[in-house]
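Peer 1: Work the whole structure out from these sequences, hints included.
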Amino acid sequence: MSNEIQITTQGGERWDNIAVSAYGDPAKMNAILAANPGVPPYDILPEGIVINIPIIEAAEVKTNAEQLPPWKR
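Per numbering that gives the first Met the number 0, the very first residue in the sequence shown carries number 0; after that it's consecutive.
Hints are all accurate, no fakes.
Simulated DEER-style distance windows between Cβ atoms:
1) Gly47 <-> Asp15: 18 to 24 Å
2) Asp15 <-> Ile54: 16 to 22 Å
3) Asn2 <-> Ile43: 25 to 31 Å
4) Glu56 <-> Gly10: 30 to 36 Å
5) Ala34 <-> Gly11: 17 to 23 Å
6) Gly11 <-> Glu56: 29 to 35 Å
7) Pro45 <-> Pro25: 15 to 21 Å
8) Asp42 <-> Asn2: 23 to 29 Å
9) Pro40 <-> Glu3: 16 to 22 Å
10) Asn2 <-> Gly23: 15 to 21 Å
11) Ile6 <-> Asp42: 14 to 20 Å
By construction, these hints were calculated from the structure, which means they are not laboratory data. It should be emphasised that the depicted structure is a prediction, and the values quoted were computed from it without experimental measurement. Using N, Cα and C, we set each Cβ at its ideal position, and we do this for glycine too.
Peer 2: Next up, the structure:
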């Protein structure tokens, strides 16, 4: 079993948007960047680039709601 999945970019996607889609957290884009050393760190990704998305254990991924204090959830 692989520890990552692959997606193909659509025109106009950004690393942070991909991180939000994959993990619910734009800060996790660094994990995606690290898994794709051969892809230049474009601000806006061109269409058709295959991107590796590392699988992160659920306990490692906190959604924005989990990061808020209880009274703001």
